[in-house]
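Undergrad: For reference, the chains in residue letters:
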Amino acid sequence: MARIGVFVCWCGSNIAGTVDVEKLREEAAKIPGVVSASDYKYMCSDPGQNSLRNVIKEQKLTGVVLAACSPHMHENTFRKAAVKEGLNPYFVEIANIREQVSWVHEDKERATAKAVDLMKMMVEKVKRDRPVEDVKVPLNKKALVIGGGISGIQAALDIANGGVEVILVEKEPSIGGRMIQLDETFPTLDCSSCIMTPKMVEVNQHPNIKLYTYSEVEDISGYIGNFKVKIKKKARSVVEKDCTGCGECWNACPMHKNVKSEFNLNLSERTAIYVPFPQAVPLIPVLDRSVCLHFKKGGKCQKCYDACGPKCINFDLQDEIIEETVGAIVASTGYDLMDTSMYGEYGYGKYKDVISGLQFERLLSASGPTEGVIKRPSDGKTPQTIVFVQCVGSRDPEKGVPYCSKVCCMYTAKHAKLFAHKVHGSQSYVFYIDIRSTSKGYEEFVRGTMEQDGAIYLRGRVSKIYEDGGKLIVKGADTLSGNQVEIAADMVVLATGVIPKKGSDKLAQMLGISYDKYGFYTESHPKLRPAESSTAGIFLAGMAQGPRDIPESVVSGSAAASKILGLFSKNEYEVEGTIANVNEATCVACFYCRRVCAYNAISKKEIKDRSGKVVKVVASVNPGLCTGCGACVNACFSKSIDVKGFMDDQIYAEIKALAI
Amino acid sequence: MEDKDLKTAAKTTDKNSGDPRIIAFVCNWCTYNGADLAGTSRMKYSDNVRVIKLPCTGRIDPLFIIEAFKKGAKGVLVSGCHPGDCHYTSGNYHSRRKYATFRDLLGYLGVDLNRVEFSWISASEGNKWVAVINEFTDKIKSLSGNSTDIFTKK
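Chains as they are written, first to last, in our numbering: chain L, 1 to 660; chain A, 1 to 154.
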């Protein structure tokens with residue numbers, strides 16, 4: 001038999017001023033099952049909580065209803081007090097008579113009537129509450145980082161330095177991501193390789209980091225604390241443990257024409273067996289079988305094998321599948337540049353000397369295709385005039401994307417600056433919409449480009465670019481002076497917008513995390529939980545979440561790492577027990593529930609008899625994944641799922657309590 | 001849900017005609033907080049509404065709505081997070097889809113579809129909560145048939 005206690009809070013005059021608390025108490029006492037009804041000025045105060053505890057103890061209450069402020073204010077306070085008297089915390093219900101009655105209504109009689117209704121509903125609900133135990137999920141204290149750019153590297157190093165094992169998976173032959181393609185970095189102009197290479201080497205040498213390059217995540221299943229990961233280690237055709245990175249193989253490779261270097265963004269060629277760049281980590285070549293003569297011409301060519309001292313080239317190596325179990329994951333998959341072919345007027349792809357900002361980085365880089373000398377891709381001459389066009393694709397809802405790519409204003413200012421430093425007497429023009437330079441030292445940096453380095457900034461858009469007599473004629477508008485501008489340039493650099501890395505949507509589906517309409521991974525909360533994905537145990541870092549610069553990417557990598565170290569500081573992860581439950585006796589295994597579950601929390605479970613024969617298949621809820629939203633409850637045709645705390649009979653009882 | 005409930009509802013509605021009962025099924029994360037915000041901002045609104053809190057609009061079984069009418073409610077409001085904002089990523093979409101087909105059934109039962117309202121109210125939209133409740137209450141008051149059984153099809 002239920003023994004319910006009702007406690008009416010005055011909240012000073014906040015409630016008592018508009019609601020007749022005595023009437024409420026009297027009405028409560030009339031309800032069958034209510035053995036105690038009382039009122040007090042401030043239930044949340046220490047004496048208030050003590051009186052609650054005393055009544056629970058003395059009256060041996062089986063349920064508590066507080067007619068008080070919103071449950072979002074003090075539900076936890078009262079649950080904790082109840083637990084101290086041995087009551088299950090979920091046997092405490094709150095009738096919200098402050099935020100939703102006394103503060104919003106004026107007629108005392110009617111407000112009191114509403115408060116009585118809300119209190120009755122909660123009494124009927126608490127009578128039907130079932131004990132809920134929080135679920136404890138064991139944690140495998142190992143982390144997986146997907147993507148070895150700067151944010152992934154930062155996350156991996158921070159986690160590893162915290163004493164936790166990390167597996168870092170990188171799709172490309174080397175870690176380093178986009179940052180290692182850059183020349184110098186704004187606003188301090190320190191060289192990207194100089195600050196990044198030590199971190200890359202540290203990753204490779206760290207005793208807590210297992211690095212898989214040229215590898216991809218194939219499959220992920222499981223939940224927080226217990227993710228099963230399949231990693232495909234693509235065949236490198238090189239025995240890694242024997243390779244010294246001496247370079248004899250790629251020097252011997254006859255395929256040194258016609259294959260474009262991905263790392264140099266098609267501005268140079270590479271061999272079939274290659275390292276993407278000289279500082280690659282690990283410094284172990286990859287044999288690209290799609291272009292290698294050995295594979296294309298039936299095994300005739302083996303010049304690399306002949307040249308290799310330790311004989312570590314093995315044409316028969318196969319892809320390997322590696323299985324790992326981890327407790328948490330960081331998704332830091334990075335970004336690509338937009339395809340700008342829809343801007344036919346800029347002539348990207350048509351004119352060799354119209355290049356992207358990232359290509360310009362390679363031309364600036366001392367280890368790039370031109371060894372740091374700025375040369376036109378068409379004829380190798382050094383340009384004297386460069387036009388930079390900003391917001392190519394970004395902030396253009398019609399043809400591109402509506403968002404701002406955030407880094408372009410700054411890197412364009414940097415490009416113009418470095419161009420002035422490298423080619424004396426040169427002139428650069430920058431077409432811009434707005435200048436966005438909001439971090440520390442950024443505004444001063446852009447000012448410097450304009451004032452010390454003489455870049456001419458023109459506020460307006462470029463309407464057409466065409467070739468004429470070896471020059472690129474750039475036609476545009478200077479909206480501040482109201483003039484049409486025509487510039488004869490030697491080269492045009494487009495500040496192309498950034499988009500999520502190709503394939504990151506597929507990974508998101510595998511991980512069960514959500515992404516926005518552009519494909520950027522969405523945070524669990526955009527402000528208060530920026531490092532967490534929508535799925536417990538999966539964290540986000542870097543440009544995979546949206547445009548951001550290097551310091552922000554580093555911060556996000558560290559944030560994800562600290563979240564994981566915090567998670568792993570306990571041995572178990574506690575999940576609220578208000579999750580879905582399957583009645584296995586009535587489940588008909590239609591699995592419609594699986595289709596509505598946004599968390600992949602429902603799996604098939606086989607029930608076997610003593611001989612091991614499968615007698616029935618039923619739905620099974622994974623407590624590590626379920627969030628208790630209740631979508632499956634409604635989807636279930638046989639009424640075999642319920643969410644504790646919001647059971648059908650409770651809702652119907654609440655409605656019935658309101659019957660007129 | 002027994003037949004006698006229906007009869008009780010029909011019998012007792014007379015006293016209710018000018019003062020109709022409205023039941024609002026709301027999600028815990030957006031609309032419930034939006035209603036709380038109206039409170040903390042001390043906004044005033046019609047007191048005919050009774051809120052039933054659920055984790056998500058995706059948990060709202062259409063039968064709850066029928067049950068609410070059977071127990072004498074004259075209007076039912078369903079409200080949750082805006083599209084794209086669902087705390088559980090997609091519960092509000094499931095709810096919207098379910099509701100789209102459920103309307104047909106309600107119409108078949110003879111319920112005036114003006115009596116059911118579906119809305120998106122975020123945790124920051126206290127003013128929208130107030131507006132929706134006031135407008136919906138006025139609408140229900142203006143409907144004929146508040147004193148008779150609202151399931152007109154037998």
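These are computed hints drawn from the structure, not numbers from a lab. This one's a predicted model, so the numbers in the text were calculated from it and none came from an experiment. There's no promise every hint is true.
Said to hold, decoys possible - Once the Cα atoms are required to be at most 30 Å apart in a straight line, the calculated DSS-like pairs of lysine-lysine come out as:
| id | chain 1 | residue 1 | chain 2 | residue 2 |
| --- | --- | --- | --- | --- |
| 1 | A | Lys44 | L | Lys644 |
| 2 | A | Lys98 | L | Lys108 |
| 3 | L | Lys608 | L | Lys570 |
| 4 | L | Lys171 | L | Lys296 |
| 5 | L | Lys656 | A | Lys98 |
| 6 | L | Lys23 | A | Lys141 |
| 7 | L | Lys644 | L | Lys616 |
| 8 | L | Lys108 | A | Lys128 |
| 9 | L | Lys399 | L | Lys464 |
| 10 | L | Lys656 | A | Lys139 |
| 11 | L | Lys228 | L | Lys260 |
| 12 | A | Lys139 | L | Lys527 |
| 13 | A | Lys141 | L | Lys639 |
| 14 | L | Lys381 | L | Lys399 |
| 15 | L | Lys656 | A | Lys141 |
| 16 | A | Lys98 | L | Lys23 |
| 17 | L | Lys517 | A | Lys128 |
| 18 | L | Lys605 | A | Lys98 |
| 19 | L | Lys475 | L | Lys406 |
| 20 | A | Lys141 | L | Lys605 |
| 21 | A | Lys141 | L | Lys108 |
| 22 | A | Lys98 | L | Lys506 |
| 23 | L | Lys41 | A | Lys139 |
| 24 | A | Lys44 | L | Lys234 |
| 25 | A | Lys98 | L | Lys604 |
| 26 | L | Lys350 | A | Lys98 |
| 27 | A | Lys98 | L | Lys517 |
| 28 | L | Lys234 | L | Lys136 |
| 29 | L | Lys136 | L | Lys406 |
| 30 | L | Lys108 | L | Lys30 |
| 31 | L | Lys570 | L | Lys517 |
Undergrad: All hints are to be evaluated individually against the structure, with a verdict given for each.
TA: These are the hints, each one checked on the structure:
Only pairs whose Cα atoms come within 30 Å are accepted, and lysine 44 (chain A) paired with lysine 644 (chain L) is rejected, the gap being roughly 34 Å. With a C-alpha separation of about 39 Å, the suggested pairing of lysine 98 (chain A) with lysine 108 (chain L) is violated against the 30 Å cut-off. Distance hint between lysine 608 (chain L) and lysine 570 (chain L) is unfulfilled; the C-alpha atoms sit about 35 Å from each other, more than 30 Å. For the hint pairing lysine 171 (chain L) with lysine 296 (chain L), the CA-to-CA distance comes to about 24 Å; that is within 30 Å, so the pair holds.
As the CA atoms of lysine 656 (chain L) and lysine 98 (chain A) are separated by approximately 23 Å, the hinted pair is consistent with the 30 Å bound. Between lysine 23 (chain L) and lysine 141 (chain A) the alpha-carbon distance is near 28 Å, which keeps this suggested pair within the 30 Å criterion. Between lysine 644 (chain L) and lysine 616 (chain L), the direct Cα distance comes to roughly 24 Å. Compliance with the 30 Å bound is thereby established for this hinted pair. A hinted pair counts as satisfied when its Cα atoms are at most 30 Å apart, and lysine 108 (chain L) with lysine 128 (chain A) qualifies at roughly 24 Å.
For a cut-off of 30 Å, the pair hint linking lysine 399 (chain L) to lysine 464 (chain L) stands: about 16 Å separates their Cα positions. Restraint check for lysine 656 (chain L) and lysine 139 (chain A): the C-alpha separation of about 24 Å stays at or below 30 Å, so the hint holds. A C-alpha spacing of about 37 Å is found between lysine 228 (chain L) and lysine 260 (chain L), which places the hinted pair above 30 Å, so the restraint is violated. For a cut-off of 30 Å, the pair hint linking lysine 139 (chain A) to lysine 527 (chain L) is broken: about 38 Å separates their Cα positions.
Using a Cα cut-off of 30 Å, the hinted pair lysine 141 (chain A) and lysine 639 (chain L) is violated, with the two alpha carbons roughly 36 Å apart. With a CA separation close to 33 Å, the supplied pair lysine 381 (chain L) and lysine 399 (chain L) exceeds the 30 Å bound. Straight-line distance between C-alpha atoms of lysine 656 (chain L) and lysine 141 (chain A) comes to about 22 Å, which keeps the hinted pair within the 30 Å bound. Taking the CA atoms of lysine 98 (chain A) and lysine 23 (chain L), the gap is about 41 Å. The hint is violated against a cut of 30 Å.
Using a Cα cut-off of 30 Å, the hinted pair lysine 517 (chain L) and lysine 128 (chain A) holds, with the two alpha carbons roughly 26 Å apart. Distance check on the hinted pair: lysine 605 (chain L) and lysine 98 (chain A) sit about 28 Å apart at the alpha-carbon level, within 30 Å; holds. Restraint check: the Cα-Cα separation between lysine 475 (chain L) and lysine 406 (chain L) comes to about 25 Å, which is no more than 30 Å; the hinted pair holds. Taking the CA atoms of lysine 141 (chain A) and lysine 605 (chain L), the gap is near 51 Å; set against the 30 Å cutoff, the hint is violated.
Annotation: proposed proximity of lysine 141 (chain A) to lysine 108 (chain L) holds, straight-line Cα distance about 21 Å (limit 30 Å). Of the pairs offered as hints, the one joining lysine 98 (chain A) and lysine 506 (chain L) holds, with about 28 Å between alpha carbons and a cut-off of 30 Å not exceeded. A distance of roughly 38 Å separates the Cα atoms of lysine 41 (chain L) and lysine 139 (chain A); the hinted pair therefore is violated under the 30 Å criterion. The suggested pairing of lysine 44 (chain A) with lysine 234 (chain L) is violated, with an alpha-carbon distance near 65 Å, which exceeds 30 Å.
The suggested pairing of lysine 98 (chain A) with lysine 604 (chain L) holds, with an alpha-carbon distance near 25 Å, which does not exceed 30 Å. Taken as a hint, the lysine 350 (chain L) and lysine 98 (chain A) pair is broken in the structure, with Cα atoms around 51 Å apart against an allowance of 30 Å. Note on lysine 98 (chain A) and lysine 517 (chain L): the hinted pairing holds, with a Cα-Cα distance of about 24 Å set against a maximum of 30 Å. Between lysine 234 (chain L) and lysine 136 (chain L), the direct Cα distance comes to roughly 37 Å. Violation of the 30 Å bound is thereby established for this hinted pair.
The straight-line distance between the Cα atoms of lysine 136 (chain L) and lysine 406 (chain L) is roughly 42 Å, outside the 30 Å bound, and the hint therefore fails. This hinted pair checks out: lysine 108 (chain L) and lysine 30 (chain L) have alpha carbons roughly 21 Å apart, not beyond 30 Å. Using a Cα cut-off of 30 Å, the hinted pair lysine 570 (chain L) and lysine 517 (chain L) is violated, with the two alpha carbons roughly 36 Å apart.
Checked against the numbered hints given earlier, the structure breaks hints 1, 2, 3, 11, 12, 13, 14, 16, 20, 23, 24, 26, 28, 29, 31 and satisfies all the rest.
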